[in-house]
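Chemist: Could you build the full structure based on these sequences and the hints that come with them?
Given next are the chains, with one letter for each unit.
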Amino acid sequence: MTGTPHSRHANAFHAQANDALQDATLKKALRNATDLFAERRSAAIDAVPDWEALRDHARKVKDATVARLDHYIEQFADNAEKAGATVHWARDAKEACAIVTKLAEDRGAKRLVKSKSMATEEIHLNKALAERAREPVETDLGEWIIQLAGETPSHIIVPAIHMTRDAIGQLFVDKLGIPPSNEPKTLAAHARKRLRDHFAKADLGISGVNFGVAETGSILILENEGNVRMTTSMPKVHVAVMGIERVIPRFADLEVFLRLLPRSGTGQHLTTYQSILTGTDNQAKSAMGQGPEEMHIVLLDNGRSKIAVDEKMRETLACIRCGACLNACPVYQTIGGHAYGSVYPGPIGAILTPQLAGMHEAKPLPFASTLCGACKDVCPVKIDIPSLLLELRQRAVEGDGKQAPAKRGFFELLTWRMWSWFMRNPTRYRFATALARLGQRLPLLQKTMPPMAAWHSTRELPKLAKKSFRDTYRKAKKESNG
Amino acid sequence: MNVALFATCLGDQLSPDAVHATVTVLERAGCNVTFDPRQTCCGQPAFNSGFWQEAREVARHFLDVFGDAEAIVAPSGSCTAMVHRFPDLFRDEPEMRERAEQVAHKTFELATFLVRELKVTDLGAKFAGRVGWHDACHGLRELGVKQEPRQLLSKVEGLELVEMKTCESCCGFGGTFSVKTPEISTAMLDHKLDELAMTPIDVLAAVDSSCLMQIRGRLERRGSPVRTMHLAEILASQ
Amino acid sequence: MSDARKAILAALRQEPTTHVPPLPEVMTSAGGPTVPLDDRIRTLTEILAKLGAPVDVAADMTAVSTRIREVLAEHGATSLALSDAPLVQDAAKELPDSIEQFAHDADREQLLRSNAGLSTAQCAIAETGTLVLVAKDERHRLATLLPDLHIALVPASRLVATLGDGFAQLASDGTSPDSPTITFVTGPSRTADIELELVVGVHGPKALHVVIVMDA
Numbered sequence: 001m002t003g004t005p006h007s008r009h010a011n012a013f014h015a016q017a018n019d020a021l022q023d024a025t026l027k028k029a030l031r032n033a034t035d036l037f038a039e040r041r042s043a044a045i046d047a048v049p050d051w052e053a054l055r056d057h058a059r060k061v062k063d064a065t066v067a068r069l070d071h072y073i074e075q076f077a078d079n080a081e082k083a084g085a086t087v088h089w090a091r092d093a094k095e096a097c098a099i100v101t102k103l104a105e106d107r108g109a110k111r112l113v114k115s116k117s118m119a120t121e122e123i124h125l126n127k128a129l130a131e132r133a134r135e136p137v138e139t140d141l142g143e144w145i146i147q148l149a150g151e152t153p154s155h156i157i158v159p160a161i162h163m164t165r166d167a168i169g170q171l172f173v174d175k176l177g178i179p180p181s182n183e184p185k186t187l188a189a190h191a192r193k194r195l196r197d198h199f200a201k202a203d204l205g206i207s208g209v210n211f212g213v214a215e216t217g218s219i220l221i222l223e224n225e226g227n228v229r230m231t232t233s234m235p236k237v238h239v240a241v242m243g244i245e246r247v248i249p250r251f252a253d254l255e256v257f258l259r260l261l262p263r264s265g266t267g268q269h270l271t272t273y274q275s276i277l278t279g280t281d282n283q284a285k286s287a288m289g290q291g292p293e294e295m296h297i298v299l300l301d302n303g304r305s306k307i308a309v310d311e312k313m314r315e316t317l318a319c320i321r322c323g324a325c326l327n328a329c330p331v332y333q334t335i336g337g338h339a340y341g342s343v344y345p346g347p348i349g350a351i352l353t354p355q356l357a358g359m360h361e362a363k364p365l366p367f368a369s370t371l372c373g374a375c376k377d378v379c380p381v382k383i384d385i386p387s388l389l390l391e392l393r394q395r396a397v398e399g400d401g402k403q404a405p406a407k408r409g410f411f412e413l414l415t416w417r418m419w420s421w422f423m424r425n426p427t428r429y430r431f432a433t434a435l436a437r438l439g440q441r442l443p444l445l446q447k448t449m450p451p452m453a454a455w456h457s458t459r460e461l462p463k464l465a466k467k468s469f470r471d472t473y474r475k476a477k478k479e480s481n482g
Numbered sequence: 001m002n003v004a005l006f007a008t009c010l011g012d013q014l015s016p017d018a019v020h021a022t023v024t025v026l027e028r029a030g031c032n033v034t035f036d037p038r039q040t041c042c043g044q045p046a047f048n049s050g051f052w053q054e055a056r057e058v059a060r061h062f063l064d065v066f067g068d069a070e071a072i073v074a075p076s077g078s079c080t081a082m083v084h085r086f087p088d089l090f091r092d093e094p095e096m097r098e099r100a101e102q103v104a105h106k107t108f109e110l111a112t113f114l115v116r117e118l119k120v121t122d123l124g125a126k127f128a129g130r131v132g133w134h135d136a137c138h139g140l141r142e143l144g145v146k147q148e149p150r151q152l153l154s155k156v157e158g159l160e161l162v163e164m165k166t167c168e169s170c171c172g173f174g175g176t177f178s179v180k181t182p183e184i185s186t187a188m189l190d191h192k193l194d195e196l197a198m199t200p201i202d203v204l205a206a207v208d209s210s211c212l213m214q215i216r217g218r219l220e221r222r223g224s225p226v227r228t229m230h231l232a233e234i235l236a237s238q
Numbered sequence: 001m002s003d004a005r006k007a008i009l010a011a012l013r014q015e016p017t018t019h020v021p022p023l024p025e026v027m028t029s030a031g032g033p034t035v036p037l038d039d040r041i042r043t044l045t046e047i048l049a050k051l052g053a054p055v056d057v058a059a060d061m062t063a064v065s066t067r068i069r070e071v072l073a074e075h076g077a078t079s080l081a082l083s084d085a086p087l088v089q090d091a092a093k094e095l096p097d098s099i100e101q102f103a104h105d106a107d108r109e110q111l112l113r114s115n116a117g118l119s120t121a122q123c124a125i126a127e128t129g130t131l132v133l134v135a136k137d138e139r140h141r142l143a144t145l146l147p148d149l150h151i152a153l154v155p156a157s158r159l160v161a162t163l164g165d166g167f168a169q170l171a172s173d174g175t176s177p178d179s180p181t182i183t184f185v186t187g188p189s190r191t192a193d194i195e196l197e198l199v200v201g202v203h204g205p206k207a208l209h210v211v212i213v214m215d216a
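Chains as they are written, first to last, in our numbering: chain A, 1 to 482; chain B, 1 to 238; chain C, 1 to 216.
There could be a bad hint or two in this list.
Claimed, not checked - Dumping the calculated DSSO-like pairs for lysine-lysine here, alpha-carbon to alpha-carbon at most 30 Å:
1. B:Lys146 / A:Lys382
2. C:Lys50 / A:Lys185
3. A:Lys382 / B:Lys165
4. A:Lys382 / B:Lys106
5. A:Lys127 / C:Lys6
6. A:Lys312 / C:Lys6
To be clear, the hints were calculated from the coordinates, so they are not data collected in a lab.
Since we're looking at a predicted model, the values are computed, not measured.
Modeler: Right under this line is the structure:
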């Protein structure tokens with residue numbers, strides 16, 4: 001194995017991908033998962049006659065929102081506070097972690113529980129809390145398994161898809177001391193029991209946010225297990241970490257996104273639970289006393305504002321994290337999430353990570369694609385991922401006017417310069433291709449020169465025709481002209 | 001209809017038979033086909049690699065060669081899709097962009113040209129064999145090529161079209177991707193080709209020489225008896 | 001205003017957008033063709049059946065109480081947490097003493113110990129098989145979450161056809177901005193996190209039973 005979870009990095013993509021390709025168990029699990037989700041998605045959307053209209057509409061809502069993100073995020077914050085939440089703003093990961101850590105420390109929180117949140121993974125919140133306060137217990141079954149294993153998630157929807165039931169069973173035996181079992185039902189039952197205990201004693205619950213409604217200051221969180229409801233109901237304090245791009249303008253807009261997200265991700269009409277939280281119980285007209293006393297929302301920028309003002313790349317922020325692109329991507333299907341070495345894998349990861357973390361931290365990712373476009377086909381908000389990948393490639397190679405190119409080796413530049421010189425002139429083109437035909441007579445050259453050797457490692461090399469089309473066409477034309 | 005043939009660099013150098021077949025097919029469909037020998041390449045390899053300056057240099061030459069054509073037809077979905085991206089490539093040069101838009105509008109992939117523009121589906125072709133169709137990605141997703149090749153193949157006498165479950169699955173070529181990440185490229189292709197074990201065919205066909213090159217290379221390495229053919233070669237068969 | 005807030009808003013305002021796309025009108029499935037109650041009940045039942053949640057129709061309160069008793073017996077439940085809804089209070093009155101009842105203001109321990117929870121739903125959506133629980137209107141947040149079994153009484157008049165109708169219902173109830181929690185419940189809790197094998201009953205209730213109350 002190339003890396004332990006915390007040493008995986010986007011820049012080590014190739015090695016990580018090769019590791020994944022050697023893992024037969026992973027390959028099978030990935031194929032099963034992606035096939036299943038793709039099938040279910042297909043079946044679910046076939047039953048929705050106005051699917052395309054929904055996609056178009058959702059995209060329009062997102063476009064309008066991102067174009068005025070400052071307005072909507074401010075409206076959200078103000079309304080959330082009117083409803084009784086405390087809103088915090090975090091420019092970057094460090095600031096966000098500091099805010100949450102301070103909240104935990106100030107409230108003397110000894111036991112923390114957490115539901116699944118990509119944003120909290122992005123900022124490495126668990127690590128920060130472990131250092132200063134106390135590491136929160138993940139409560140989503142897949143995330144808890146990952147946490148016990150010291151692993152990172154490999155899929156947005158099913159984080160532990162890369163682990164077999166045997167591996168999970170053994171993990172539970174090792175970490176929880178349960179009698180041996182590899183039955184998912186039994187393992188889940190153990191998880192329920194253990195995590196109930198954590199929920200009951202937790203002082204503080206941390207969640208993510210799927211959508212934040214500007215009009216009302218509400219947050220909506222989707223789930224299947226019930227751990228979000230527990231995390232956001234049981235402890236006295238609830239902290240929600242929300243990327244600023246999660247805001248949508250109106251409460252009524254939730255309907256469209258609820259129609260699109262579950263079907264796209266898992267093929268469900270709706271996930272088992274949606275929790276729409278607005279302020280706290282204690283602020284409601286009648287004191288309910290059945291939920292947290294405090295709600296904190298941490299608004300996270302961490303590079304999103306930069307994307308928002310980038311006209312070409314702005315549609316990246318339309319993403320609703322459904323996971324459909326992962327399931328559709330033939331590259332992801334083959335190598336899985338860990339290969340990408342970033343919190344966000346697959347097609348969305350390939351465009352998001354270089355922008356959030358910077359191209360220098362994720363050079364291979366925009367190139368980890370054949371630009372097949374399967375992701376664009378399934379994206380519920382029609383993000384044109386292939387075009388964004390091309391844009392990022394151009395910036396990686398030619399710079400973006402602000403930063404020096406991240407990926408532009410001297411040799412590669414020379415190659416393309418030469419290529420262009422030969423290709424833009426018919427005489428030079430004919431010369432170069434004649435040379436290539438000559439070179440073909442030297443099989444050793446063919447099989448050892450890097451690009452050819454790479455090809456030859458798995459495929460028979462193509463043969464340049466003895467005579468090109470233009471030579472034979474000219475001859476044929478000459479003959480027919482007499 | 002006057003058609004300026006864009007052979008594509010791969011077609012010209014690697015699959016001249018497919019390009020000849022393309023001429024035959026277009027002539028049979030009633031076109032007057034010309035081939036301007038000044039043509040070279042559409043610039044896609046450089047473009048996909050992020051070297052847009054170099055891609056523009058080659059694209060400019062393309063526009064010079066084909067600027068006055070009535071219709072430009074290429075036996076390739078990916079090259080056609082690249083030409084359709086020329087306007088974006090020249091986004092910072094208004095005049096070039098204008099020219100690019102004009103040329104892009106009249107550049108067609110073979111199957112789409114026959115079926116949508118000429119409204120021709122029957123070319124009097126005869127080809128006996130079980131043929132599996134590969135929906136090459138650029139053609140499928142950027143140009144919407146899906147029904148057209150099937151309509152054309154359905155009119156070929158003796159041909160049995162076999163729909164593959166993985167017909168839309170990427171072959172893994174992706175230009176330099178095929179040699180920069182050869183393992184992933186091959187793994188993707190194997191997923192597609194594994195279906196052949198359950199779905200026997202004689203020929204795997206597509207309208208893109210790049211895909212066919214990738215597929216052929218792997219089929220040969222796997223010792224498979226399945227051949228590859230370009231759509232034009234099948235349509236030109238008698 | 002905090003420094004971070006200022007900085008983030010300033011960053012967002014850095015480059016004025018050349019063209020701001022307009023926000024389209026809300027797209028909703030509300031107000032579609034009227035769907036008869038029978039069809040709504042049938043759709044709800046079919047969808048929830050696929051999720052393993054039975055749906056019954058009770059003509060009156062006697063039938064409701066009978067059904068509750070039966071369901072509790074099926075699940076071997078001997079304790080029941082109640083919400084504060086009048087419908088729930090009425091139904092609970094008819095239950096035998098052998099069922100230990102916890103009122104809506106019972107403490108955590110008791111709620112965690114209850115085998116079952118009884119509540120109504122402020123709305124139910126046939127199209128998706130969803131119950132809508134509005135905390136402002138009924139104290140059922142924990143009674144519908146902690147016990148293994150959740151029995152939901154749905155007044156027939158509150159069963160709407162589509163998701164959009166559900167949102168419209170919330171808006172017309174004046175609910176949206178006020179309730180601290182609105183929970184959409186579609187079946188019992190589930191996960192497929194282990195090898196994609198479906199397991200029903202994780203953190204939320206393991207079983208959901210819906211009783212549609214006619215006349216209510």
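Chemist: Between the alpha carbons of Lys50 (chain C) and Lys185 (chain A), is the straight-line distance 30 Å or under?
Modeler: Cα-Cα ~19 Å, so holds.
Chemist: Lys382 (chain A) and Lys165 (chain B) were given as a pair; does the straight-line alpha-carbon distance stay at or below 30 Å?
Modeler: holds, 24 Å
Chemist: Do the alpha carbons of Lys127 (chain A) and Lys6 (chain C) lie within 30 Å of each other, as the hint requires?
Modeler: holds, 28 Å
Chemist: CA of Lys312 (chain A) to CA of Lys6 (chain C), is that 30 Å or under?
Modeler: It holds: about 25 Å lies between the C-alpha atoms, which stays within 30 Å.
Chemist: Are Lys382 (chain A) and Lys106 (chain B) close enough, with their CA atoms no more than 30 Å apart?
Modeler: It holds: about 27 Å lies between the C-alpha atoms, which stays within 30 Å.
Chemist: Take a quick look at whether Lys146 (chain B) and Lys382 (chain A) sit within 30 Å of each other, Cα to Cα.
Modeler: Holds - the C-alpha atoms of Lys382 (chain A) and Lys146 (chain B) are around 20 Å apart, at most 30 Å.
Comparing the model with each numbered hint stated earlier shows that all of them hold.
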